[in-house]
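S.K.: Starting from the structure of chain A, add chains B and C where the hints point.
Residue numbers (this note's numbering), protein chains in the order written: chain A, 4 to 192; chain B, 33 to 411; chain C, 19 to 553.
These aren't lab readings, by the way, just hints derived from the structure by calculation. For glycine and all other residues, C-beta sits at the position ideal for the given N, C-alpha and C. Just to be clear, a hint being listed does not mean it is correct.
As the list claims (entries may be wrong) - With a straight-line cut-off of 30 Å between C-alpha atoms, the simulated DSS-like cross-links for lysine-lysine are:
#: 1; chain 1: C; residue 1: Lys442; chain 2: C; residue 2: Lys297
#: 2; chain 1: C; residue 1: Lys212; chain 2: A; residue 2: Lys6
#: 3; chain 1: A; residue 1: Lys166; chain 2: B; residue 2: Lys214
#: 4; chain 1: A; residue 1: Lys132; chain 2: A; residue 2: Lys166
#: 5; chain 1: B; residue 1: Lys109; chain 2: C; residue 2: Lys511
#: 6; chain 1: B; residue 1: Lys214; chain 2: A; residue 2: Lys92
#: 7; chain 1: B; residue 1: Lys112; chain 2: C; residue 2: Lys512
#: 8; chain 1: C; residue 1: Lys512; chain 2: C; residue 2: Lys542
#: 9; chain 1: A; residue 1: Lys6; chain 2: C; residue 2: Lys206
#: 10; chain 1: A; residue 1: Lys92; chain 2: B; residue 2: Lys213
#: 11; chain 1: B; residue 1: Lys112; chain 2: C; residue 2: Lys511
#: 12; chain 1: C; residue 1: Lys542; chain 2: B; residue 2: Lys112
#: 13; chain 1: C; residue 1: Lys442; chain 2: B; residue 2: Lys109
#: 14; chain 1: A; residue 1: Lys13; chain 2: C; residue 2: Lys206
#: 15; chain 1: A; residue 1: Lys13; chain 2: C; residue 2: Lys542
#: 16; chain 1: B; residue 1: Lys112; chain 2: C; residue 2: Lys297
#: 17; chain 1: A; residue 1: Lys166; chain 2: B; residue 2: Lys213
#: 18; chain 1: C; residue 1: Lys297; chain 2: C; residue 2: Lys511
#: 19; chain 1: C; residue 1: Lys512; chain 2: C; residue 2: Lys442
#: 20; chain 1: C; residue 1: Lys442; chain 2: B; residue 2: Lys112
#: 21; chain 1: A; residue 1: Lys6; chain 2: C; residue 2: Lys542
#: 22; chain 1: B; residue 1: Lys109; chain 2: C; residue 2: Lys512
#: 23; chain 1: C; residue 1: Lys297; chain 2: C; residue 2: Lys206
#: 24; chain 1: B; residue 1: Lys109; chain 2: C; residue 2: Lys297
#: 25; chain 1: C; residue 1: Lys442; chain 2: C; residue 2: Lys511
#: 26; chain 1: C; residue 1: Lys212; chain 2: B; residue 2: Lys112
#: 27; chain 1: A; residue 1: Lys13; chain 2: C; residue 2: Lys212
#: 28; chain 1: C; residue 1: Lys297; chain 2: C; residue 2: Lys512
What the hints assert, rightly or not - Pair ranges (Cβ atoms, derived):
#: 29; chain 1: B; residue 1: Gln78; chain 2: A; residue 2: Tyr104; range: 43 to 51 Å
#: 30; chain 1: B; residue 1: Ala304; chain 2: A; residue 2: Arg106; range: 21 to 29 Å
#: 31; chain 1: B; residue 1: Val131; chain 2: A; residue 2: Val23; range: 36 to 44 Å
#: 32; chain 1: C; residue 1: Trp446; chain 2: B; residue 2: Pro376; range: 53 to 61 Å
#: 33; chain 1: B; residue 1: Thr309; chain 2: A; residue 2: Arg106; range: 22 to 30 Å
#: 34; chain 1: B; residue 1: Asp71; chain 2: A; residue 2: Asp160; range: 27 to 35 Å
#: 35; chain 1: B; residue 1: Ala104; chain 2: C; residue 2: Gly509; range: 31 to 39 Å
#: 36; chain 1: B; residue 1: Glu187; chain 2: A; residue 2: Leu100; range: 49 to 57 Å
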Amino acid sequence: MTKNRNNQRKHTILLSGLAVGMLGFAFALVPLYAIFCEVTGINGKTYAQEIDDTPAVLQVSEREVTIQFLGQVGRGMPWEFRPMDTQLKVRLGEINLTSYYARNRATQAVTGQAVPSVSPFYASNYLHKIECFCFTQQLLEAGEEQQMSLRFYIDEDLPEEIKTLTLSYALFEVPELEVASLTLTNNLQ
Amino acid sequence: MISITTRFRLHRCLTFFALLGSSNMAFAAEMDMRAGVTDISQRILQLHHYSLAICVVIGLLVFGTMFYSIYAHRRSKHPKPATFHESFRVEVIWTTVPVLILIGLAIPATSALIDIEDNSDADLTVLITGSQWKWHYQYLEADLGYYSNMATPEEQINNFETKGRNYLLEVDRALVLPTDKKVRFLTTADDVIHSWWVPDFAVKQDAIPGYINEAWTRINTPGLYRGQCAELCGKDHAYMPIEVEVLAEEEFDQWIVDQRLAIELASGQAVADRAKTWTMAELIDIGQQVFLDHCATCHEADGSGQGSTYPALAGGEIPNGPMAAHINQVMNGAVDTEMQAWAPQLSDLELASVITYERNAFGNTTADIVQPITIFEAR
Amino acid sequence: MAVTADHNIPNRSPLMAFLSRWLLTTNHKEIGTLYMWLSFVLFFIGGAMAMVIRMELFQPGIQFAEPLLYNQMVTLHGLIMVFGVVMPGFVGLANWQLPMMIGAPDMALPRLNNFSFWILPFAFTLLISTLFMEGGAPNFGWTFYAPLSTTYGPPSTDVFIFGVHLMGISSVLGAINIIVTIFNLRVKGMTLMKMPLFVWTWLITAFLLVMVMPVLAGAVTMVLTDRHFGTSFFAAAGGGDPLLFQHVFWFFGHPEVYILILPGFGIASQIIPTFARKKLFGYHSMVYATASIAILSFVVWGHHMFTTGMPLTAELFVMYATMLIAVPTGVKVFNWVATMWRGSITFETPMLFALGFVILFTIGGFSGLMLALVPADFQYHDTFFVVAHFHYVLYPGAIFGIMSAVYYWLPKWTGNMYDERLGKIHFWTAIIGVNMTFFPMHFLGLAGMPRRIVDYSLQFADFNMVASFGAGMLGLTQVLFLYIVIKTIRGGKKATGRVWEGAEGLEWTLASPAPLHTFETPPKFPTPEEDYPRD
Numbered sequence: 004m005t006k007n008r009n010n011q012r013k014h015t016i017l018l019s020g021l022a023v024g025m026l027g028f029a030f031a032l033v034p035l036y037a038i039f040c041e042v043t044g045i046n047g048k049t050y051a052q053e054i055d056d057t058p059a060v061l062q063v064s065e066r067e068v069t070i071q072f073l074g075q076v077g078r079g080m081p082w083e084f085r086p087m088d089t090q091l092k093v094r095l096g097e098i099n100l101t102s103y104y105a106r107n108r109a110t111q112a113v114t115g116q117a118v119p120s121v122s123p124f125y126a127s128n129y130l131h132k133i134e135c136f137c138f139t140q141q142l143l144e145a146g147e148e149q150q151m152s153l154r155f156y157i158d159e160d161l162p163e164e165i166k167t168l169t170l171s172y173a174l175f176e177v178p179e180l181e182v183a184s185l186t187l188t189n190n191l192q
Numbered sequence: 033m034i035s036i037t038t039r040f041r042l043h044r045c046l047t048f049f050a051l052l053g054s055s056n057m058a059f060a061a062e063m064d065m066r067a068g069v070t071d072i073s074q075r076i077l078q079l080h081h082y083s084l085a086i087c088v089v090i091g092l093l094v095f096g097t098m099f100y101s102i103y104a105h106r107r108s109k110h111p112k113p114a115t116f117h118e119s120f121r122v123e124v125i126w127t128t129v130p131v132l133i134l135i136g137l138a139i140p141a142t143s144a145l146i147d148i149e150d151n152s153d154a155d156l157t158v159l160i161t162g163s164q165w166k167w168h169y170q171y172l173e174a175d176l177g178y179y180s181n182m183a184t185p186e187e188q189i190n191n192f193e194t195k196g197r198n199y200l201l202e203v204d205r206a207l208v209l210p211t212d213k214k215v216r217f218l219t220t221a222d223d224v225i226h227s228w229w230v231p232d233f234a235v236k237q238d239a240i241p242g243y244i245n246e247a248w249t250r251i252n253t254p255g256l257y258r259g260q261c262a263e264l265c266g267k268d269h270a271y272m273p274i275e276v277e278v279l280a281e282e283e284f285d286q287w288i289v290d291q292r293l294a295i296e297l298a299s300g301q302a303v304a305d306r307a308k309t310w311t312m313a314e315l316i317d318i319g320q321q322v323f324l325d326h327c328a329t330c331h332e333a334d335g336s337g338q339g340s341t342y343p344a345l346a347g348g349e350i351p352n353g354p355m356a357a358h359i360n361q362v363m364n365g366a367v368d369t370e371m372q373a374w375a376p377q378l379s380d381l382e383l384a385s386v387i388t389y390e391r392n393a394f395g396n397t398t399a400d401i402v403q404p405i406t407i408f409e410a411r
Numbered sequence: 019m020a021v022t023a024d025h026n027i028p029n030r031s032p033l034m035a036f037l038s039r040w041l042l043t044t045n046h047k048e049i050g051t052l053y054m055w056l057s058f059v060l061f062f063i064g065g066a067m068a069m070v071i072r073m074e075l076f077q078p079g080i081q082f083a084e085p086l087l088y089n090q091m092v093t094l095h096g097l098i099m100v101f102g103v104v105m106p107g108f109v110g111l112a113n114w115q116l117p118m119m120i121g122a123p124d125m126a127l128p129r130l131n132n133f134s135f136w137i138l139p140f141a142f143t144l145l146i147s148t149l150f151m152e153g154g155a156p157n158f159g160w161t162f163y164a165p166l167s168t169t170y171g172p173p174s175t176d177v178f179i180f181g182v183h184l185m186g187i188s189s190v191l192g193a194i195n196i197i198v199t200i201f202n203l204r205v206k207g208m209t210l211m212k213m214p215l216f217v218w219t220w221l222i223t224a225f226l227l228v229m230v231m232p233v234l235a236g237a238v239t240m241v242l243t244d245r246h247f248g249t250s251f252f253a254a255a256g257g258g259d260p261l262l263f264q265h266v267f268w269f270f271g272h273p274e275v276y277i278l279i280l281p282g283f284g285i286a287s288q289i290i291p292t293f294a295r296k297k298l299f300g301y302h303s304m305v306y307a308t309a310s311i312a313i314l315s316f317v318v319w320g321h322h323m324f325t326t327g328m329p330l331t332a333e334l335f336v337m338y339a340t341m342l343i344a345v346p347t348g349v350k351v352f353n354w355v356a357t358m359w360r361g362s363i364t365f366e367t368p369m370l371f372a373l374g375f376v377i378l379f380t381i382g383g384f385s386g387l388m389l390a391l392v393p394a395d396f397q398y399h400d401t402f403f404v405v406a407h408f409h410y411v412l413y414p415g416a417i418f419g420i421m422s423a424v425y426y427w428l429p430k431w432t433g434n435m436y437d438e439r440l441g442k443i444h445f446w447t448a449i450i451g452v453n454m455t456f457f458p459m460h461f462l463g464l465a466g467m468p469r470r471i472v473d474y475s476l477q478f479a480d481f482n483m484v485a486s487f488g489a490g491m492l493g494l495t496q497v498l499f500l501y502i503v504i505k506t507i508r509g510g511k512k513a514t515g516r517v518w519e520g521a522e523g524l525e526w527t528l529a530s531p532a533p534l535h536t537f538e539t540p541p542k543f544p545t546p547e548e549d550y551p552r553d
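Just chain A, with the same shape it has in the complex:
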């Protein structure tokens, strides 16, 4: 009987541990998913803050592809935001420069953060951004306008079947709280 009691306690503890572990697993899904997306390029998530290194020598290939640019603003974001070029024909391996036009229509300063998305999603691993307004938060004073530049190249290993790819930026307002904390971290650094 005592043995049985001990077993019961052991099983209860093990099972509770399993339940707690699964709760942890649910939260672990967040980074796991991010890694999974980055490896497979699901959603065309190209991480905004991630700066690609410029390779020393770039092989410029003969192959040309079309790249389309889209710009959207999130709800409540009082900015005008659109690509200066809606589409470009580029050669693989060639460094290109384009830009987005942004203007703050509001009567006070607003900070925005652009979130990129690439389609087809698996092309995101071949689209390298060297310089991008999406790497940092952008602050525009009331009525201020700006051309925000984007310097990129497309990997020559881009799968054969892709002839058109689309880069979309959704621009969201950064809540003031986060702006403050970010400024603070920047200052500390």
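M.R.: Quick look at chains B and C alone, frame taken from chain A:
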């Protein structure tokens, strides 16, 4: 809850019984998946029939055996039960045979899927943006875009009027596409997840805020095709239909030219609107219609709102507060609420008049007048 | 292992005695009864919501429910039926039956058992009270996809989150209790592979519960922090992703749908042999099939997300894995048919419901197989075809399973036989009602009617009207079920200990009604063959 009880209208009950039985005889009820007008939609229909046939055959065999057993092995006919209860051989058979059938199903499904997911080599790209509760179409190559709203009047929905043939499936401006061209759809959303679905093309693609998704179609036959939002997206999920007008290639090219021309004309009209100083009565007149078309679904025709999600405008803080804040709210929407940005959707005159209307209707008495030029400057 | 369950201390007013008996009971039979009644009450509340839905969809146009109210009904109907009816129903059956079937005096953790029950009435009171809150009840569907539930959810979403947490705690504790009981309190001689199948399916279900309910808890917690604490798990604006929500939710959600059906498999596997008077065919393969279904359920969540823009390779993997589930499920159905084959079958109400279960669940299985084919799913997804599919597996599946179990074991619980004639009427009206309600939904979905819409275009009118009439019938006949249950509790023909002549298992060696305390001295197992006289 209060709004529901107060909005419960007696006439609904009455029309309910009046209409009972007189339902829509004119419409033959469809029972099967639509064949559609693309090669893919027809392949999917074949796959559907093929898998259905397999299921029916298996079902007949299994249920046939079962009903035979129910009939022949009932106690009154078969009083002494057999005692067998295991057979390795039989178990192996009915594990492997289904696997073989499944392989037979997986092959056509896989080949169709590979073709569906091949988005390369498109002739034309349309960006589809879902927002509560309308679609926006942008022709990327032609630099042309517009909103598409449901056109069914509220009177039909509330049973005041006879429902039209295309009840809930009609829009003010349809998406126009050419035949025999590979059209690539990019889908995204402004607020919540929507899903763009036209059964005749067999295209159903979720529109996810912040991200873009891809799908494509190549339509064989000109005509009008209808669909609906397929992902629950809030209150008026049932009211965001899709209408696609498919034209022959030359007609489509002409249509694009016409649209460009229309934009020029409209901008000329906008210049004229700005130049004019409008009276209160004129603005309220236009504003009331704009309000009914776009705002009343949430804020109600009498401005009473629906709970805290859709605040009342009658006596409301914003329509009675500073004008600049009101203009800002209407033009840009409000973060984290269902109030969307109307600046891209409405003209200067429409915005000016609806704001004027809101500030001077439902018992609001600010006496403010907003002129189109004010809106233009705020853009 | 004596369990103190008797709180009937004299000198108390009858009311206090009644309250303290039911509030403080740690007896598995009394807790089982509480679970069953909670499930029954919520069945009528969730059913009333279904009636509102079907009344609104009776014909085109807005009749009774404004869109906002309709969405709240759709949401609460789903949540209540899943978490408040089917799950507590199965847990109630487990509480009553597991100890009696494995020869144990009670559950292993009786006080925990009391606690996990009494959480539930609070959780559901909270959930239903959201209907009366400012902004209304949750209106985003039981799947509460972000950002509809995060950024755009009504204020009551927080109450809903708390309610889901409570239900999760209750289910996990209940499941732990069941596993510990099965592992430790089996009578001497009952090895795992000699356990009745109802015990087996519950053991596997309990493991699923322990593993996935915490994931649901994680998902609602993330929704909560996104709503109030500035995180952006699911908002693109802050670097999150709305699709992550769907991955987390369906990682819980797919095993969850097997939680809702596996105990039903166990019930059918108990009842069909009894009334066929023949041992269950392929006991071992039944156990392995259940286990493989449970394991496969962890890798197929993606089939709820085919239209979200998944990569081709993921679509193919999920499609194949989902199709594979048809194999063990098929084995189960074949085994049930083989059990009946050359048996000596009678058709008392529990058997009728079990047969209805097998046939209609199989139809739901077929449509499930069709839904697994990705290209076809692009047409089926989020239409009434899906609504038809999951109602076929859940109504004639889970609910018929519970009903057949109630008819089967009610004489053991109450000592009285139910009214067979009324039982048969209940069965026939229910099976006609189920088919009339849900079969036309296949056609509606194929013809293009999206799910969760408050109003529809005219070509869908006829089948919707048929479905609404069917639903009315199906709803009414459950009132008859309530009457039958109450009538049986209050009296009727006395049941013998064996109740059913073909019944096998330890629970039938007890008297009917089963005394409050049973098997305080362990029974003999296996029972000597002469304990089961066959005719």
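S.K.: So, for every hint listed, does it hold in this structure?
M.R.: Now for the hints, and whether the structure bears them out:
Simply put, Lys442(C) and Lys297(C) have alpha-carbon atoms about 25 Å apart, close enough for the 30 Å limit, and the pair holds. For a cut-off of 30 Å, the pair hint linking Lys212(C) to Lys6(A) stands: about 23 Å separates their Cα positions. Straight-line distance between C-alpha atoms of Lys166(A) and Lys214(B) comes to about 13 Å, which keeps the hinted pair within the 30 Å bound. With a C-alpha separation of about 19 Å, the suggested pair Lys132(A) and Lys166(A) falls inside the 30 Å cut-off, and the hint holds.
Proposed proximity of Lys109(B) and Lys511(C) is supported: the alpha carbons are some 27 Å apart, at most 30 Å. Of the pairs offered as hints, the one joining Lys214(B) and Lys92(A) holds, with about 19 Å between alpha carbons and a cut-off of 30 Å not exceeded. Annotation: proposed proximity of Lys112(B) to Lys512(C) holds, straight-line Cα distance about 27 Å (limit 30 Å). Distance check on the hinted pair: Lys512(C) and Lys542(C) sit about 26 Å apart at the alpha-carbon level, within 30 Å; holds.
As the CA atoms of Lys6(A) and Lys206(C) are separated by approximately 14 Å, the hinted pair is consistent with the 30 Å bound. Between Lys92(A) and Lys213(B), the direct Cα distance comes to roughly 21 Å. Compliance with the 30 Å bound is thereby established for this hinted pair. As the CA atoms of Lys112(B) and Lys511(C) are separated by approximately 27 Å, the hinted pair is consistent with the 30 Å bound. Taking the CA atoms of Lys542(C) and Lys112(B), the gap is about 28 Å. The hint holds against a cut of 30 Å.
For the hint linking Lys442(C) to Lys109(B), the alpha-carbon distance of about 21 Å falls within 30 Å, and the restraint holds. Restraint check: the Cα-Cα separation between Lys13(A) and Lys206(C) comes to about 20 Å, which is no more than 30 Å; the hinted pair holds. For the suggested pair Lys13(A) and Lys542(C), the alpha carbons sit about 27 Å apart, so the restraint of at most 30 Å is met. Distance restraint check for Lys112(B) and Lys297(C): the Cα-Cα separation of roughly 13 Å lies within the 30 Å cut-off, and the hinted pair is therefore satisfied.
The hinted pair formed by Lys166(A) and Lys213(B) meets the criterion: a straight-line CA distance of about 16 Å does not exceed 30 Å. At roughly 28 Å between alpha-carbon atoms, Lys297(C) and Lys511(C) fall within 30 Å of each other, so this suggested pair holds. A threshold of 30 Å between alpha carbons decides the hint, and for Lys512(C) with Lys442(C) the separation of about 19 Å falls inside it, so the pair holds. Distance check on the hinted pair: Lys442(C) and Lys112(B) sit about 25 Å apart at the alpha-carbon level, within 30 Å; holds.
Restraint check: the Cα-Cα separation between Lys6(A) and Lys542(C) comes to about 21 Å, which is no more than 30 Å; the hinted pair holds. A C-alpha spacing of about 29 Å is found between Lys109(B) and Lys512(C), which places the hinted pair at or below 30 Å, so the restraint holds. Only pairs whose Cα atoms come within 30 Å are accepted, and Lys297(C) paired with Lys206(C) is accepted, the gap being roughly 22 Å. Distance restraint check for Lys109(B) and Lys297(C): the Cα-Cα separation of roughly 19 Å lies within the 30 Å cut-off, and the hinted pair is therefore satisfied.
Between Lys442(C) and Lys511(C) the CA atoms are separated by roughly 17 Å; this keeps the pair inside 30 Å, and the hint holds. For the hint linking Lys212(C) to Lys112(B), the alpha-carbon distance of about 25 Å falls within 30 Å, and the restraint holds. At roughly 24 Å between alpha-carbon atoms, Lys13(A) and Lys212(C) fall within 30 Å of each other, so this suggested pair holds. Under the criterion of a C-alpha separation no larger than 30 Å, the hint pairing Lys297(C) with Lys512(C) is consistent with the structure, at around 27 Å.
The hinted range of 43 to 51 Å is satisfied by Gln78(B) and Tyr104(A), whose Cβ atoms lie roughly 49 Å apart. Separated by about 25 Å at the C-beta atoms, Ala304(B) and Arg106(A) satisfy the suggested range of 21 to 29 Å. Take Val131(B) and Val23(A): their Cβ atoms lie about 38 Å apart, and the range 36 to 44 Å holds. The supplied range of 53 to 61 Å is met by Trp446(C) and Pro376(B), whose beta-carbon atoms lie about 59 Å from each other.
Between Thr309(B) and Arg106(A) the beta carbon distance is about 27 Å. The supplied range of 22 to 30 Å therefore holds. A beta carbon spacing of about 32 Å between Asp71(B) and Asp160(A) agrees with the range 27 to 35 Å that was offered as a hint. Between Ala104(B) and Gly509(C) the beta carbon distance is about 38 Å. The supplied range of 31 to 39 Å therefore holds. Taking 49 to 57 Å as the suggested C-beta distance range, the pair Glu187(B) and Leu100(A) conforms, at roughly 55 Å.
The structure fails none of the hints (numbered hints given earlier).
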